[in-house]
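K.L.:
Using the hints provided, position chain B relative to the given structure of chain A.
Residue numbers (my numbering), protein chains in the order written: chain A, 13 to 492; chain B, 13 to 492.
Errors might be hidden in some of the hints.
Claimed, not checked - Derived DMTMM-like pairs: lysine to aspartate or glutamate, alpha-carbon spacing no greater than 20 Å straight-line:
#1 Lys485(A) - Asp433(A)
#2 Lys58(B) - Asp283(A)
#3 Lys58(A) - Asp215(B)
#4 Lys58(A) - Asp127(A)
#5 Lys482(B) - Glu436(B)
#6 Lys58(B) - Asp433(A)
#7 Lys237(B) - Asp384(B)
#8 Lys58(A) - Glu296(B)
#9 Lys58(B) - Asp384(A)
#10 Lys457(A) - Asp403(A)
#11 Lys237(A) - Asp282(B)
#12 Lys237(B) - Asp215(A)
#13 Lys237(B) - Glu296(B)
#14 Lys237(B) - Asp215(B)
#15 Lys488(A) - Asp403(A)
#16 Lys457(A) - Glu240(A)
#17 Lys488(B) - Asp433(B)
#18 Lys457(A) - Asp283(A)
#19 Lys58(B) - Asp287(A)
#20 Lys58(A) - Glu114(B)
#21 Lys457(B) - Glu114(B)
Stated by the list, open to error - To give an idea of the interface, some chain B residues facing chain A are shown, with a C-beta separation under 8 Å as derived from the structure:
#22 Thr124
#23 Ser126
#24 Asp127
#25 Ile128
#26 Arg175
#27 Met200
#28 Arg461
Read the hints as simulated data drawn from the structure, not as lab findings.
C-beta: ideal position from N, C-alpha, C; glycine also.
If you want the building blocks of each chain, they are given just below.
Protein chains: 2
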Amino acid sequence: MSAQVPSQAPLLYERVAHLVETQIATGTLRANDRIPSVRSMSRAAKVSVSTVVQAYVHLENIGLIEARPQSGFYVRPPDPKVVPEPRAKPLRSRRPASIATEMLDICREALTRSDIVPLNGAFTSPALYPNQRLNNLVREVLRDRPHHAGELIMPPGDPELRRQIAKRMGLAGAPTDPEHVVITSGAMDAITLSLRVVCQPGDTVLVESPTYFGLLQAIEYLGLKVVEVPNRPGVGIDADAVRQVARTTRLAAAVLMPNFNNPAGTLTTDDAKRDIVATLTGMEVPIIEDDLYGDLHYGSVRPTSMRAFDESGLVISCGSVSKTIALGYRIGWAVAPQFHTEIARAKFFASVACPTLQQLVLARYYASGGYDRYLRRIRTMLSTNSQHFIDAVARHFPAGTRITRPTGGIVIWIELPPSVDGAELFRTALASRIGIAPGIVFSAKADYRNYIRMSCGLPWSAAIDRAIEKLGKLAKDRSG
Amino acid sequence: MSAQVPSQAPLLYERVAHLVETQIATGTLRANDRIPSVRSMSRAAKVSVSTVVQAYVHLENIGLIEARPQSGFYVRPPDPKVVPEPRAKPLRSRRPASIATEMLDICREALTRSDIVPLNGAFTSPALYPNQRLNNLVREVLRDRPHHAGELIMPPGDPELRRQIAKRMGLAGAPTDPEHVVITSGAMDAITLSLRVVCQPGDTVLVESPTYFGLLQAIEYLGLKVVEVPNRPGVGIDADAVRQVARTTRLAAAVLMPNFNNPAGTLTTDDAKRDIVATLTGMEVPIIEDDLYGDLHYGSVRPTSMRAFDESGLVISCGSVSKTIALGYRIGWAVAPQFHTEIARAKFFASVACPTLQQLVLARYYASGGYDRYLRRIRTMLSTNSQHFIDAVARHFPAGTRITRPTGGIVIWIELPPSVDGAELFRTALASRIGIAPGIVFSAKADYRNYIRMSCGLPWSAAIDRAIEKLGKLAKDRSG
Chain A
13 MSAQVPSQAP LLYERVAHLV ETQIATGTLR ANDRIPSVRS MSRAAKVSVS TVVQAYVHLE
73 NIGLIEARPQ SGFYVRPPDP KVVPEPRAKP LRSRRPASIA TEMLDICREA LTRSDIVPLN
133 GAFTSPALYP NQRLNNLVRE VLRDRPHHAG ELIMPPGDPE LRRQIAKRMG LAGAPTDPEH
193 VVITSGAMDA ITLSLRVVCQ PGDTVLVESP TYFGLLQAIE YLGLKVVEVP NRPGVGIDAD
253 AVRQVARTTR LAAAVLMPNF NNPAGTLTTD DAKRDIVATL TGMEVPIIED DLYGDLHYGS
313 VRPTSMRAFD ESGLVISCGS VSKTIALGYR IGWAVAPQFH TEIARAKFFA SVACPTLQQL
373 VLARYYASGG YDRYLRRIRT MLSTNSQHFI DAVARHFPAG TRITRPTGGI VIWIELPPSV
433 DGAELFRTAL ASRIGIAPGI VFSAKADYRN YIRMSCGLPW SAAIDRAIEK LGKLAKDRSG
Chain B
13 MSAQVPSQAP LLYERVAHLV ETQIATGTLR ANDRIPSVRS MSRAAKVSVS TVVQAYVHLE
73 NIGLIEARPQ SGFYVRPPDP KVVPEPRAKP LRSRRPASIA TEMLDICREA LTRSDIVPLN
133 GAFTSPALYP NQRLNNLVRE VLRDRPHHAG ELIMPPGDPE LRRQIAKRMG LAGAPTDPEH
193 VVITSGAMDA ITLSLRVVCQ PGDTVLVESP TYFGLLQAIE YLGLKVVEVP NRPGVGIDAD
253 AVRQVARTTR LAAAVLMPNF NNPAGTLTTD DAKRDIVATL TGMEVPIIED DLYGDLHYGS
313 VRPTSMRAFD ESGLVISCGS VSKTIALGYR IGWAVAPQFH TEIARAKFFA SVACPTLQQL
373 VLARYYASGG YDRYLRRIRT MLSTNSQHFI DAVARHFPAG TRITRPTGGI VIWIELPPSV
433 DGAELFRTAL ASRIGIAPGI VFSAKADYRN YIRMSCGLPW SAAIDRAIEK LGKLAKDRSG
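With the rest of the complex left out, here is chain A (with noise of 0.2 Å):
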C-alpha cells in the first residue's frame, strides 16, 4: 500500500474519497468536471480497481459526484438551495508582515483589479499598444518557426533583437556594441541581475528620493542597504548631494532613474548626469541606470543615457518594453560593457532565458521600422493627456495641493496640503473604486506622506475626470 494519499482516513477506500473531497473542495474540480476513471485512480493511488469503485460510490451517496451513464463520473454541480461551506483560510506565513509589505500587498492588489477606475499603474491602456501590429507578427513567427515552442535561446539572448536595442541606444546618444546586450525579463530582471553581479549581500546601494517602490523592494530582498539622495524639480537627481555620500560612504552601486523618474517625472539634466557619472565611476562605483521611460519624451528630443556620459564601461543601462510597446510581453534588456557575461550567466542561473516567441517578434517588429512613428503618437497622446490630468487636479483638489510637470513618461505625482494622509486617501479612494499610488511606499524612510502618484496613461475622458473630482472631494474632506 502507499502513502500517496493522506494518512489520517482509517480505511483505504475512504482514503481514495478523501483526495476526491480535497480537490472539489479547493476547487481544483469544479461542478461538471470528470473526475479521474477508475483504472487510473486505481495506478494513481496505488489501490485496487474495487477499493476504487468503493469510494466513488461513497462519494456519489454523499451527493459529491454522479455517475454519468458510459461516460464516468462527474462533480455533482451543487444544489443551488445549499449554503456552500467556507473555504478553508490560506496557512498563514510564518513571517510578519511590517506595515510597508502590507502597504505594498494591497498596492500590488490594486493593480489586479478590474473593477477601479486605474489611475494606480504607471502605464497606458492596453488598446493603446501596437496590438495588431505584433499579433500579425506572432503569427509570421509561428509560420516560419513551427517549433519555437521547444527552443530555447540563451542569454544574453536573440541576436538580431540585441542588434536593434544596439541600434536605439545611438538615438540616447550611446552607441552600443550588441555584444554588450543582454535579453531580460523586463526591465526590473535587469537590474536585479546587475545588482547580483556588482553587490554582495550587505553592500549598500545609492538611489534617488523619491524612487519606484519595486525597486526599493528588490534591493531588500538581495540583502542590500539603500542610502538616498533627492531627486529635485527641475533638476533631478542631485549632483551634489551624490558627491557628499560619495565621500563618506562605501558604495557598491546606484540605482538611478534620470529619466522621467518614477514617481517624480523629473528629467535630470546633462551637467547633472555628467557630474554624477563622473564621479562614481571615477571611485569605481558601477552605476545601474532604469532608462524605462526614456523613449516617452514629450518633447523632441530624445533624453540623453548615462552611458553617454561613461568612459569607464561601469554604467550599465537597463529598459524594457513595458511602457512603449507590450507590457505583458515581459521582455527587457540590460546594456553592460563590462558587466555583460556576468549577467548572462546569472540569467542562466536564475531563470535560464527568456521566452523564445517574444524575442523573435521583437526583433521583427524593431527591423520592419515603425517604432518611432508609433512613439510619436503614443507620446504625442501622453503629452495631451498629463496636461488634462494636472488641469483636473488644480481644479478638484484643496487649494495648497502641488503637481509635477512631467515632460515625458506616464505619471504625475502630486504633494497634498500637510493634513492630508496620502496613504489614507488611498485607501478611501479605493473603496470608492479608484486607484492612486500612496507616496510612502517612494521612499526607503517612508517619506511623502502627504503625497500620491497618479497615472496619466489612460486616454482622457469624463470618467477620469469625475474620479479626480472624488479623488479632490476625499482630499478636500481631510485637509484643513
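P.N.:
Just chain B, lined up with the frame of chain A:
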C-alpha cells in the same frame, strides 16, 4: 553644446562622425542600413544641421557611408578586397572567474551551438513537443484576446492555469488548493524565489549529490552555503544521511530532486520521501522539491510528490513545462501552502510577472485535454530511447564503465574508469562536435571527476550511434 557625443574628439563634426563610426564598427549599423537623417541626428546630438552635414560628408569621404539620391545616407557595403579590421575585444569582467565558473561557461556556451550532436542538454528535440497544438492555441488567443500584449497578469498568475496545475498535483498524490500555486518563469525561477523567501544570505541549504549544476550555482548567487547528502542508485536520496545532517547542521532549507534526479536519474522511494519529509518538517526546515521530470516516468505510475507526505505545508513543489511541452515558453510554478503569498510578492519585485500569452495558451492546453495522451507518447519514446543509449554506451565504451538504468527522465549518468577525466573527455568531445556534460559540475565539491551525463532525449539514429562510438573511442584512448 551637449556632451551626448564622446568628449575626446576635438571638433564638433568629428564627434558626430565618431558616433556613427562606432555604430558601424560594433555592427549596430550594418552594410546598407540607413543612417539617421541629418535633421534627426542634429536633434539627437544637439548640434546644428550644418555640423551633421559636415560629419556625413567626412564619413562619405573616408568611404564609410554613401548618399543615395532622394533617400538619405546609407552604410556603404565593404569593398571585398579590403580585409576588415578586427573587432574590439569586449572588456574583461572585473571578477576573477574560478575554474568551476569557467567550466560552467563552456557548458553554457555548448548549449548554444547548433553544429554539434547535442547530448549535453537535458531536453528533447524541439520537433517532439506538441508544437502544432500549441501554435493553434496561440492563434486562438490572438483572436480572443487581441490586447494580450498590453495586459499584465500579476503574480500569482493566471487563475485557470493555476487551477489546471493544482489538478495535476492530485495525480502526484498531493491534492492542491489552486490558491497555493504561483506561476513563475520556469522551475529555476520557482526555486530561486522560494529560496529567497525561506533563506537569508549565509544560511545553509541541504542538497543531494549529484545534483543539477544550475541549482548549485543559483544557491551560490544567493549567498547561501550547501551541505550535500548522497543520492544512491536504487534508493535515491539517503534518508539516514538527511537525519544525520539535520541533527548536526542548522539548515534553512533543503532543495531536493526525488523524481528522476538530474543527472543520476534516480527515483527516491516513497519510504525515503516520507522519512525525509518527517525529519525536515519536524525541525521546521522547508523542503523545496524540484519535480521537473516527474511527468516523464517510463512506467505506468506517476511518482509521488513529497507534498503527499507533508502535513505542515512546509514542502514547496516546483515544476515547469520545459521538459514536457514547451522549453521556449519559460513557464513554471511553485506549489507552496505556507509561502505562496511571499513567493508571489518576491516574483513581483524580482521581475514583475510572467508573459501573458504563454499563460493563456498553457491554461487552454491543459484544460482542453490531450496532455496525458501526449505524455504517453513522449514517455514511450524516452523509455525506448534510453535503452538504445544505454546499449550503445555498453557496446562502445571501455571496460569498467558503469551506467545508470533510469526509470524516467531525459538523461543517463555514466561512471567512466577511474583513469578517464570526464572534463577532459567533454573538451575533446566538443572539439569533435559532440556535446556531453562533465560530471564535476554536478557537485559543490567537484566530485564525479570520472563521470559524464548524456542526454537521451534525441530520437535514436545512426548518427547518434556514431557519436557514442566516437565518445567511446575517446574514452578508451584515455583509459588504462
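K.L.:
Look at each hint and say if it fits the structure.
P.N.:
Evaluation of the provided hints:
1. Lys485(A) - Asp433(A): holds (14 Å)
2. Lys58(B) - Asp283(A): holds (14 Å)
3. Lys58(A) - Asp215(B): With a Cα-Cα distance of about 38 Å, the restraint between lysine 58(A) and aspartate 215(B) is violated, given a limit of 20 Å.
4. Lys58(A) - Asp127(A): violated (46 Å)
5. Lys482(B) - Glu436(B): holds (15 Å)
6. Lys58(B) - Asp433(A): violated (43 Å)
7. Lys237(B) - Asp384(B): Not satisfied, since the Cα-Cα distance of roughly 39 Å exceeds 20 Å.
8. Lys58(A) - Glu296(B): violated (29 Å)
9. Lys58(B) - Asp384(A): holds (19 Å)
10. Lys457(A) - Asp403(A): Violated, at about 31 Å.
11. Lys237(A) - Asp282(B): Distance of about 44 Å is beyond 20 Å: violated.
12. Lys237(B) - Asp215(A): It holds: about 19 Å lies between the C-alpha atoms, which stays within 20 Å.
13. Lys237(B) - Glu296(B): holds (18 Å)
14. Lys237(B) - Asp215(B): With a Cα-Cα distance of about 6 Å, the restraint between lysine 237(B) and aspartate 215(B) holds, given a limit of 20 Å.
15. Lys488(A) - Asp403(A): Given that 20 Å is the threshold and the Cα spacing comes to 17 Å, the pair holds.
16. Lys457(A) - Glu240(A): It holds: about 9 Å lies between the C-alpha atoms, which stays within 20 Å.
17. Lys488(B) - Asp433(B): holds (11 Å)
18. Lys457(A) - Asp283(A): With a Cα-Cα distance of about 28 Å, the restraint between lysine 457(A) and aspartate 283(A) is violated, given a limit of 20 Å.
19. Lys58(B) - Asp287(A): With Cα atoms ~19 Å apart, lysine 58(B) and aspartate 287(A) stay inside 20 Å; holds.
20. Lys58(A) - Glu114(B): violated (46 Å)
21. Lys457(B) - Glu114(B): holds (15 Å)
22. Thr124: holds (5 Å)
23. Ser126: Given a least distance of 10 Å, the restraint on serine 126(B) is violated.
24. Asp127: Aspartate 127(B) check fails; min Cβ-Cβ to chain A is 15 Å, beyond 8 Å.
25. Ile128: Given a least distance of 14 Å, the restraint on isoleucine 128(B) is violated.
26. Arg175: holds (6 Å)
27. Met200: At 5 Å from the nearest chain A Cβ, methionine 200(B) passes the 8 Å test, so the hint holds.
28. Arg461: violated (23 Å)
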